[in-house]
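Please arrange chains B, C and D with the ligands on chain A, whose structure you already have, making use of the hints.
Residue numbers (the working numbering), protein chains in the order written: chain A, 1 to 255; chain B, 1001 to 1255; chain C, 2001 to 2301; chain D, 3001 to 3301.
So the derived label-pair ranges between C-beta atoms look like this:
| hint | chain 1 | residue 1 | chain 2 | residue 2 | range |
| --- | --- | --- | --- | --- | --- |
| 1 | A | 254 | D | 3300 | 20 to 26 Å |
| 2 | D | 3090 | B | 1082 | 41 to 47 Å |
| 3 | A | 88 | B | 1002 | 35 to 41 Å |
| 4 | A | 177 | D | 3172 | 53 to 59 Å |
| 5 | C | 2201 | A | 177 | 33 to 39 Å |
| 6 | D | 3172 | C | 2201 | 22 to 28 Å |
| 7 | C | 2117 | A | 88 | 49 to 55 Å |
Here are the simulated DSBU-like pairs of lysine-lysine, each with C-alpha atoms no more than 35 Å apart in a straight line:
| hint | chain 1 | residue 1 | chain 2 | residue 2 |
| --- | --- | --- | --- | --- |
| 8 | B | 1033 | D | 3079 |
| 9 | D | 3282 | A | 15 |
| 10 | B | 1155 | B | 1015 |
Calculated directly from the structure, the hints in this document are not laboratory data. Ideal placement from N, C-alpha and C gives every residue a C-beta, glycine not left out.
The residues making up each chain are set out below.
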Amino acid sequence: MTGMVEKGIIIRHEKMGPDIWRMVISLPLTAKKAKPGQFIHVKINDNSRLLRRPISIAGTAPGKGLVEILYRVVGSGTQLMSEMKEGDTIDCLGPLGTSFTIPEEGEILGVGGGVGIAPILFTARRAKPGQMTVVIGGRNKDEVFWKDLFPKTLKQLIVTTDDGSYGIKGFTVSVLPDVMKQGTVRQVAVCGPGIMMKKTAEIAGEYGVPCEVSLERRMGCGTGTCMACVCDRKAGGHYKVCSDGPVFDAAEVVL
Amino acid sequence: MTGMVEKGIIIRHEKMGPDIWRMVISLPLTAKKAKPGQFIHVKINDNSRLLRRPISIAGTAPGKGLVEILYRVVGSGTQLMSEMKEGDTIDCLGPLGTSFTIPEEGEILGVGGGVGIAPILFTARRAKPGQMTVVIGGRNKDEVFWKDLFPKTLKQLIVTTDDGSYGIKGFTVSVLPDVMKQGTVRQVAVCGPGIMMKKTAEIAGEYGVPCEVSLERRMGCGTGTCMACVCDRKAGGHYKVCSDGPVFDAAEVVL
Amino acid sequence: MNMTVEFCGIKMKSPVIAASGTFGYGIEYKDYMDLNQVGAISVKGLGLTPWTGNKGVRIAETASGVLNCIGLENPGVEKFLSYYLPRLKSYDVPIIANMVGRNVEEYGKTAKALTVPGVSALEVNISCPNVTNGGMAFGTDPKVAAQVTAEVKRNTTLPVIVKLSPNVTDITAVARAVEEAGADAISLINTLMGMAIDARTRRPVLGNVTGGLSGPAIKPVALRMVWQVRKAVHIPICGMGGIMTGTDAAEFMIAGADTVQVGTATLASPNAIPRITGELRKWCEANQVEDVNSIVNTLKI
Amino acid sequence: MNMTVEFCGIKMKSPVIAASGTFGYGIEYKDYMDLNQVGAISVKGLGLTPWTGNKGVRIAETASGVLNCIGLENPGVEKFLSYYLPRLKSYDVPIIANMVGRNVEEYGKTAKALTVPGVSALEVNISCPNVTNGGMAFGTDPKVAAQVTAEVKRNTTLPVIVKLSPNVTDITAVARAVEEAGADAISLINTLMGMAIDARTRRPVLGNVTGGLSGPAIKPVALRMVWQVRKAVHIPICGMGGIMTGTDAAEFMIAGADTVQVGTATLASPNAIPRITGELRKWCEANQVEDVNSIVNTLKI
Ligand SMILES: Cc1cc2nc3c(=O)[nH]c(=O)nc-3n(C[C@H](O)[C@H](O)[C@H](O)COP(=O)(O)OP(=O)(O)OC[C@H]3O[C@@H](n4cnc5c(N)ncnc54)[C@H](O)[C@@H]3O)c2cc1C
Ligand SMILES: Cc1cc2nc3c(=O)[nH]c(=O)nc-3n(C[C@H](O)[C@H](O)[C@H](O)COP(=O)(O)OP(=O)(O)OC[C@H]3O[C@@H](n4cnc5c(N)ncnc54)[C@H](O)[C@@H]3O)c2cc1C
Ligand SMILES: Cc1cc2nc3c(=O)[nH]c(=O)nc-3n(C[C@H](O)[C@H](O)[C@H](O)COP(=O)(O)O)c2cc1C
Ligand SMILES: Cc1cc2nc3c(=O)[nH]c(=O)nc-3n(C[C@H](O)[C@H](O)[C@H](O)COP(=O)(O)O)c2cc1C
Ligand code: FES
Ligand code: FES
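The following block holds chain A by itself, in its conformation from the complex:
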């Protein structure tokens, strides 16, 4: 899947949580092609920064040509991104990478933690009404703004917080067995901390349900050429997260 370099105007840029921002960008070509799980590789608006930043697509409005992302300020690049203003131009390479499987028939369970919720959100927005159950986890109630972004047509939305300040106290994985037990889930999609993806894949495996994970690696090119972003294949050797992934069948990669 080849992406393209597309420069777009920032249509909306707002702070959602203590350090999380939402940006809506006019990127008509990307909006048309994007699939849930794919990412854009964002150029930082400063000449001293050469590497792009991979950010998952959280949603699109292909009719309006819009792409939505949600990102957390963790370092200098995302800090500079957060200083951009509505009306500024941002250079995005995408859509890149593989996407989550949305089966024609049967239910999906989406599991997201932290900013890993973004691709799960995009998946939920593309799923059919009633097709998807979502479990999201955050540190505390400052991060539950996410829940309001999900479509009302989900089968169910479960929120956990580490400190119990909202929803169920605990981790996302602790509520998964209850969902799986119902026997209706045909596909699991997970994005979040490594341990969460590993556990989710294990639980899915116990119920014999295929599970897709979205991996994170430091990236150079984003186009599968520089070999910076490799992860280990279970079968030996490497996959490139930017082009063979970021979404992998959990059975094929070392988590």
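Just chains B, C and D with the ligands now, kept in the frame of chain A:
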């Protein structure tokens, strides 16, 4: 004369000619101290650019705390400056350097070429009504916007253009003898291309009138420590343009 | 305006070549540009057998630079010849096989294996700072550099471009040594050895601790070395290190490079090479240059 | 939170030292900061007699870097002792006399002349890339570097800090040589030799053609060398090269530097040193570091 690092809001930023911009910055401390001939050392708003850019102060409004500069886009730094917007913050080190002498008594002749007009403009704005005659030169009529910036209280304002598209056709120096002949000028101030300063100094010399020139050198620190900006002293050795200058008695430097 | 060049016998449509390690095996970029317009493609460094590269984080950003410690991960000569090279044959672009070896003998064997139709030249990497064998050790000692060059020459009929390491006291000594050993051309510079530290965790950012620095940060060092080597040898030079614009490319050619390579700029944006090539053409036009070759080695001191 | 350090016997209020060539003789910055809070001041390189420096353009900007070819213009030891040093005595800040010589003997004479009350240490520059004599030639050959060190040691009772050039194949060889010759400490890195070209005029930007590259562009190379030298010698290290923030300073100390110097950051903003010192203190506080000395050489591999 020690400057200071002062960050100020850009109050006004407008294009004056094909490649010349005018910027008014809120810099209360600098506005209070600045003298004609001094400059500010402007930080470029991009992390890959480390050196500041020396730009002459073209005027101040100390009451309002404003400093005005006029600059030509000639390279990457001034290009980035021109992209800044009103309301943005700009980091300026100044006011730096020596200033033009405005005698208590007697007339001044100010001679400026290109963006070298900026410090002459500041001098004219500080001179007493009727005290100053100004001769400015530009390439063509696109550059005569300068004349409208000068106070109406000048004794006389003479404009030359290289192509005769406005004012007198020719160079500033060709009209100087006529002004000097009147015998009223007590001090000459000149800033512009090297050849213009050299000739002006010669003409002033012929009439026995002291002449001050404002030199240009590539600068590092701007504070007299790095030794990047040296010019040759007539007496041997070097002056530092940033701190011993930029305004020198023409008799003391090799032009 | 002529942009075609001939570089050690290879006809190229432009002097702007894709640098090894930043352009994969070429076909990955077929949808980003017309590969037929690229001067030449230097493919990711090839080993006789597949290399797995380094563990852990392999790339880091520094001020106007990039540190990498890929460690020459590559699928090996066989996969290149059976999979990539046939697919490249539908394009009219010279292929430069960038190659490495773990010892002098292996350099020779790899060269022999790569001497096939469809490969236009060999670029011998004796300058990778990210591997213990087959890397910089060969490029920092003029004697060893000459040995590798001679061994490769013995094993191929293709033009041999030797890629030098900047991590040396005197780059001209290495350049002269490989020229005397028979190199047909020199390319420089490979990356400067550097390091990044995460102060919070007090750990190196890169899995391999140190890595190779590329990008605009190193351009002044690269330009200086191209100029020094141009004065020291008679064979053609391919210059690189931080080229991001057409003007940068012109600067390298003025300093003495017959051709240039673009690496990190492609990481930053996959369409960098066509953009830079277009800018170089426009620069020539704006500066009344009728033939891009005419600017080579024209620095006025 | 303790920020005081002792560096080869000199007590400093902070490990952040003003780098030679970017801080003049100190008093020029008295109105920009409280000089009493600066760790130490390494003054602009001093010659036995005044040096006039290089002709033409002396400074140029590169991506995240600065090229300079000042060529060690300085008023000479006598003027320093008669004019600057007395004026510095009203401040409570250690003065490091950075010095150069045109030959080994002159290094010794200069050292002797600078061995006076009020000077806390000598920093011997054997690494300036911008002069034909007295510069890098002394710093690229371990044997010559050792000779200079021994000669300086013979002529002074002050602690001797030898400042190394990064333009070498193996920095540890030079570091070990000067340690064996009696150096009390090592400072590194001086500038990387580089070049800038004005494509339009096809001329070098700098009057001296080449110059020394400093600033964040070179930080990865500097960090790597500090780390390598830390493993190679036992004497204390002063690290520098592109330090712009308190975190940068912490990274150098973690890599093995006992103290750091700040150069180009001061060119960019005269108040850089107090800012960086404050940031380093805050960084320590945020990371539960009670004594800044405790982070030295704590890189976990
Ligand atoms: C496929 C993919 C999708 C992602 N989607 C999102 C998202 O939707 N929202 C979001 O907030 N974050 C997302 N991330 C993580 C995001 O890329 C990093 O947080 C970001 O790059 C940090 O940049 P920085 O400059 O602020 O941090 P710095 O630490 O200053 O960055 C330095 C370098 O490290 C890289 N880097 C640092 N942290 C990470 C990381 N966790 N993953 C990959 N590279 C990193 C940067 O890209 C940069 O090259 C995603 C990562 C991947 C791989
Ligand atoms: C005391 C003084 C006052 C000045 N006043 C004005 C003014 O009022 N208006 C105005 O338009 N220009 C003025 N200049 C010139 C102005 O500093 C340069 O045009 C500007 O620095 C160019 O920067 P750049 O990044 O666009 O060019 P680049 O060529 O990209 O700059 C590269 C480097 O060279 C330096 N440089 C390039 N040209 C010059 C130059 N002519 N003089 C000094 N340094 C240069 C830059 O500062 C920078 O460090 C003045 C110069 C001096 C020394
Ligand atoms: C990610 C990466 C991988 C590289 N791999 C190779 C390689 O396999 N063989 C080689 O000779 N050079 C390799 N290089 C070096 C580049 O070809 C080039 O010499 C260097 O990056 C300087 O050019 P630049 O600044 O344009 O990137 C690599 C560089 C990067 C950034
Ligand atoms: C303008 C300038 C002048 C310098 N002069 C000297 C000098 O006289 N003696 C010396 O040992 N180093 C000199 N240096 C090198 C610095 O002290 C320092 O080693 C180098 O710049 C790297 O640090 P930085 O990146 O913080 O600037 C000079 C550097 C610059 C930029
Ligand atoms: S980021 Fe370059 S191969 Fe994945
Ligand atoms: S610019 Fe540094 S001394 Fe003048």
